[in-house]
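Novice: The residues making up each chain are set out below.
Number of protein chains: 2
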Amino acid sequence: MKTAITPTRAENFSEWYQNLITAADLAENAPVRGCMTIKPYGWAIWELMRDEMDKRIKAQGVQNAQFPLLIPINFFNKEAEHVAGFAKEAAVVTHYRLKAIDGVLQPDPDSKLTEPYIIRPTSETIIGDAMSRWVQSYRDLPLKLNQWVNVMRWEMRPRLFLRTSEFYWQEGHNAFATHEEANADARRMHKMYGDYMREVLAIPSIMGEKTPEERFAGADHTYTLEHIMQDGKALQAGTSHDLGQHFSKSFGIQYLGTDGQLKHAWTTSWGVSTRMMGSLFMTHSDDDGLVLPPAVAPYQVVIIPITRDENVEILNAYSEKLGEQLRAAGVRVLVDTSDMRAPDKMWKWIKRGVPLRVEIGAREMEENTVTITRRDLGKASKRTISDAELLRDVKDILNQMQHDMYDAVVERNKTMIHEIADLAALESALAEGKVGFFRIKNEQTQNSEFEGLMEKYKISRRCLDDNNPEYVYVAKSY
Amino acid sequence: MKTAITPTRAENFSEWYQNLITAADLAENAPVRGCMTIKPYGWAIWELMRDEMDKRIKAQGVQNAQFPLLIPINFFNKEAEHVAGFAKEAAVVTHYRLKAIDGVLQPDPDSKLTEPYIIRPTSETIIGDAMSRWVQSYRDLPLKLNQWVNVMRWEMRPRLFLRTSEFYWQEGHNAFATHEEANADARRMHKMYGDYMREVLAIPSIMGEKTPEERFAGADHTYTLEHIMQDGKALQAGTSHDLGQHFSKSFGIQYLGTDGQLKHAWTTSWGVSTRMMGSLFMTHSDDDGLVLPPAVAPYQVVIIPITRDENVEILNAYSEKLGEQLRAAGVRVLVDTSDMRAPDKMWKWIKRGVPLRVEIGAREMEENTVTITRRDLGKASKRTISDAELLRDVKDILNQMQHDMYDAVVERNKTMIHEIADLAALESALAEGKVGFFRIKNEQTQNSEFEGLMEKYKISRRCLDDNNPEYVYVAKSY
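Those protein sequences? They're chains A and B, same order as listed.
Mind the numbering: the first sequence is residues 1 to 478 in this note's numbering, read in order.
Mind the numbering: the second sequence is residues 1 to 478 in this note's numbering, read in order.
Be a bit skeptical, because a hint or two may be false.
[What the hints assert, rightly or not] Short, incomplete list of chain A residues facing chain B, as computed with Cβ under 7 Å: (1) V32; (2) T37; (3) G61; (4) N64; (5) A84; (6) G85; (7) K88; (8) A90; (9) R97; (10) A130; (11) L162; (12) E166; (13) N467; (14) Y471.
[What the hints assert, rightly or not] Straight-line alpha carbon distances no greater than 27 Å define the calculated BS3-like cross-link-like pairs of lysine-lysine that follow: (15) B:K144 <-> A:K345; (16) A:K379 <-> A:K351; (17) B:K58 <-> A:K321; (18) B:K351 <-> A:K58; (19) B:K58 <-> A:K112; (20) A:K88 <-> A:K476.
[Unchecked claim] Just a sample of chain A residues kept apart from chain B, beta carbon distances all over 12 Å, derived: (21) S14; (22) Y41; (23) E47; (24) P68; (25) N77; (26) A100; (27) K112; (28) T274; (29) A425; (30) Q446.
Calculated directly from the structure, the hints in this document are not laboratory data.
On a predicted model such as this, the values are computed, not experimentally measured, just so you know.
Backbone N, C-alpha and C fix where the C-beta goes; we use that ideal spot for every residue, glycine too.
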C-alpha cells in the first residue's frame, strides 16, 4: 500500500520522523547551527498547547513575569552542580559591537565585555537573584513565578523539536517557607503536567522520580514525565524539581519567619518545552502523516468541496456557509476553496493531521449531506451524514476522537512495557531487539554490569516507578 | 497636597517616571547591562496588550511563526544600510562552551565559532533568507508572517521600557508581488497600529512618514506613530516600513509571475514593542501613580472591604460574592482581602492604576450599596450606588472611562502642538522653554541653521504631517 510518508515507520522510524515534519510543514532547520525555524502551521499548534498550559499554570496561582535572556557568568557559577551541568553547552556573548576590519565585519575588539554573558540555558540563577530581593518576609511566600521564553543549549546533534540549540519553553520558579511545601509543589506541578499530557495531548505518561544519576543539575529531587514513542524509545516530556535550598543558599533567598528568625527559602522549578511537540508528533502520527488530537489542532475540521467546473462557486459558497455554522458552534474550521485538485487537498490535510475531514460534492449539496472521515481511523470511519447531524454532533465526534486517541496509546504502551527479572533477562531482551521500557528492580542496576549494558545498548534509567520506587524503568531515549 | 509619587511630574518628570515604575511594581533594572526584569504586574499588562494586538494582526491574514534568536554575521552584512544601522549595538556570540581556566569560568578557547553570531536586533535578514525558500511562485504571495520575540540592541543609557538592551516586540514581515501592494500594506499596518493605540491604549497618535534622515536602516519609506508625552517630548510608539526590494534583492526572494518571468518580491516590516508600555505609563499616569485604561488593566475593578474587627469575615465573604458576580459579567476583578489596613490597600491600588475602586463598609453592606471611585477622576467621581446599579452599569462605567481618557489626552495634546512660521520662531519658542511638537514647513529645516538647533536643543524631525507632507513635526524625543 502506498503511504504519504516514505519510508514508513516500520522501515526507518528516524527518517520517517524527519519526512513527517517536512510533509506536515511544521518546521525546518535554520541556517544557524542546531536551531530550527518553526513554520506557521507548527507554531499554530504550539500556540494552542501554550495557551492551554498557561491557563492551567495560572490556575495554580502562578504569575507570569519576564527575566533577561543573558546571565552573567558569575551568577551561573554560584551553584556548583548547576554550572557543571550546563557549562559545556553555553552560548557565550563576549562583545557588544561589530566593526568592519580589513573589510570584514567582526566583533569590535574595543567592545569586549569584561565579564561575558551566557544566553540562558535555564533561569534558576537569574530568578534566584531576583527572589533574593523580592522575598523579605514570610508574607512574601509562597512566591510563584513563570515565564515563557527561548533558551539555548548548544547541540552538536540536533533533531527538530527533540533536541535543538534554541528551544521554547515555560519555566516555573516557586519559593516556599518550608521543605514540605516545596516538595508538595514540585509533585503538584508534576501531576498538573501529567493531567495536561493526558487531557490535551492525549498522551499517557510514565511518571516518577529520576534516580540520582539523572537528576537536574542542582536539584534534590527531579520528577519526570516519560513518554513511550512508537519505536519504543523514551522521550522526557517535562520535569519538575525540588531544588531544596541549593539556590536559596547560593543567592540568599531569605525570609523573616513568624518567629522573627531569618531563614532560607525552599525552591522548585518546573518546565515543559517545544520538545513536547516532538512527543505529540511521534506518538500519534502514522505513515500518512500527522494525526492531531482535536484539542491542539489549528483546524479541527477541514471542509473540502469536491467541485465540478460548472458549480464550483455555488459549492464553495455552500461550504463556506457550513464552515461559518461550525465556527459559530466553537469549532476551528478551514474551508479549502483553493484551486488545487480535490485529491491533492485531501492529502494535504491528511498529512497535516486535521482531525475531521468533511467532503461535499454536488450530490451531497443537493441532499444536504456531507461525507466525514476521522483522521485517526481513516477510511474505516468514512460515512455520510446530514448537515444537521454534523452540526449537532461535531463536538461529540471530536471529543470521542480525543479520547480514542488516548486509549489507543494506552493499549499500545501495554505492549511496550516489559517486566524484567534480572540483568541476564534484560540483556537477552535487548540482544533480541526488544524495544520499549524495561521495568527492573533498581538494586539490580547498581553495578558495573549494568553500566556495561547502558554503554552497549545506549539505555538509561528513565525513572523510578511511582507506585513502587524499588523498581526503575530502563529504556533507550531521545 | 501630598502625592503618592514624589517628585511630582511638574517637579522632575524623569524622576517621577522612575518612581512611578517602582511604586506600581512594574519592572526593575536587571543585573545585566541595560536590561530589565518585567515584574508580574507589568507583564500582566503586556499580556493584555499583546493578546489584543495579536488578534488584530491575525485578522489581517498574518500567520505567526518563530525564527531563530541568532543571526550569522554574513546574513546581517548583506544589506549595507541595514548593517550600518545596527552594527554598533549588536551583542555578539563568539563561543559555545565555558571552561574553568585557572579556577575562573570563561569562554573555552577551543569552542570559538569560526563565524560569530549576533543576537537579532530585528529579523529582516533571517526572515528574508527563509522567504527566499518559501516564496517560489506568485501563488505563494502575499506571504504574511509575524513573530513575538525578544530582540537586543546594546544600550549605553537605558531607561525602563523606553530604551533597554533587550526588549520584547512583534515584528511582522510581509512579501508581495508588486510595489503597490507592499506600500499599501505598510500603510494598512500603520493604520492598524493607530486604531489600536486609540481604541486599546487610549492614546492619540501623530501619524506620518519619517523623513529620509530618520528612516529605518534598509527602508524606502518608514511610517511612524509618535505620541506626545506629558512633558511634551515625543515617543515613537511603532513603525511600519516599505522595504522596497532591498531585502528581496539581498536574499533572493523571487517568484515566478503569471507571465512565467522570475521577479523579485516587495517586502514590508512593521513592529511595536514593550516601548508602547512606556508611552502608556507616561501618557496617562498622574502624581498618585499609574492610571490604566480599562482595556489593558489586569484588574479593572478592585473591591476593598473596609473592615471593622467584629465583622471582617462576613464583609470579606460579602465582597467576594460581589466580586464573583462582576467576574460573571466579564469584568477582571480583584477582591483585596489581605490583612493590610484599608487606607494602605487603597493607596496600593491607586498607585497601580486600577480603573475602578469599589469600597464596601459595614453600613454599605447593610444597605446593599458600594462607594465607587474612578481612578482617572479621583475624589470628584466618588459616589455611592446600589450593588444592583454597579452590576448593571460596571461595563458602561469602564467604557466611559476608556473614552474619557482618550479625550483628555486629545485635549492636552492640543496645547502641545505649535504652529511655527520659521526657524527664528522655532528658536525663540525653544529658548523660552516651550515644550511639545513644533509644526513647520519641511523646507525650512533643510539647512545648517536647523542642524544647529537640532544639536543645541536636542530636537529631531519626528515625521511629516500626513495631511500635508510639506510640513514636518519637530520635537525632543525619548
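Novice: Between K379 (chain A) and K351 (chain A), is the straight-line Cα distance small enough, at 27 Å or below?
Specialist: Holds - the C-alpha atoms of K351 (chain A) and K379 (chain A) are around 15 Å apart, at most 27 Å.
Novice: Beyond 12 Å from every chain B Cβ: check whether that's true for K112 (chain A).
Specialist: With a cut-off of 12 Å, K112 (chain A) comes too close to chain B, as the shortest Cβ separation is near 10 Å.
Novice: Does the structure keep K144 (chain B) and K345 (chain A) at a Cα separation of 27 Å or less?
Specialist: holds (22 Å)
Novice: Would you check whether T37 (chain A) satisfies its interface hint, that is, whether its CB is within less than 7 Å of any CB in chain B?
Specialist: Holds: closest Cβ of chain B sits about 5 Å from T37 (chain A), inside 7 Å.
Novice: Measuring from the C-beta of A84 (chain A) to each C-beta in chain B, is the shortest one below 7 Å?
Specialist: violated (10 Å)
Novice: Quick check for students: does the CB of E47 (chain A) sit more than 12 Å from each CB in chain B?
Specialist: violated (7 Å)
Novice: Does the interface hint hold: is A90 (chain A) within less than 7 Å of chain B, judged Cβ to Cβ?
Specialist: holds (5 Å)
Novice: Holds or violated: is there a CB of chain B closer than 7 Å to the CB of Y471 (chain A)?
Specialist: violated (37 Å)
Novice: Measuring Cβ to Cβ, find out whether A100 (chain A) lies farther than 12 Å from everything in chain B.
Specialist: violated (8 Å)
Novice: Closer than 7 Å between Cβ atoms is the bar; does R97 (chain A) clear it against chain B? Give me holds or violated.
Specialist: holds (6 Å)
Novice: Quick one: work out the minimum CB distance from Y41 (chain A) to chain B and report holds if it exceeds 12 Å, violated otherwise.
Specialist: The claim is violated: Y41 (chain A) sits with its nearest Cβ about 8 Å from chain B, within 12 Å.
Novice: Taking only the CA atoms, is the gap from K351 (chain B) to K58 (chain A) under or equal to 27 Å?
Specialist: holds (24 Å)
The structure is inconsistent with the numbered hints 3, 5, 6, 11, 13, 14, 19, 22, 23, 24, 25, 26, 27 and 28, although it conforms to all the rest.
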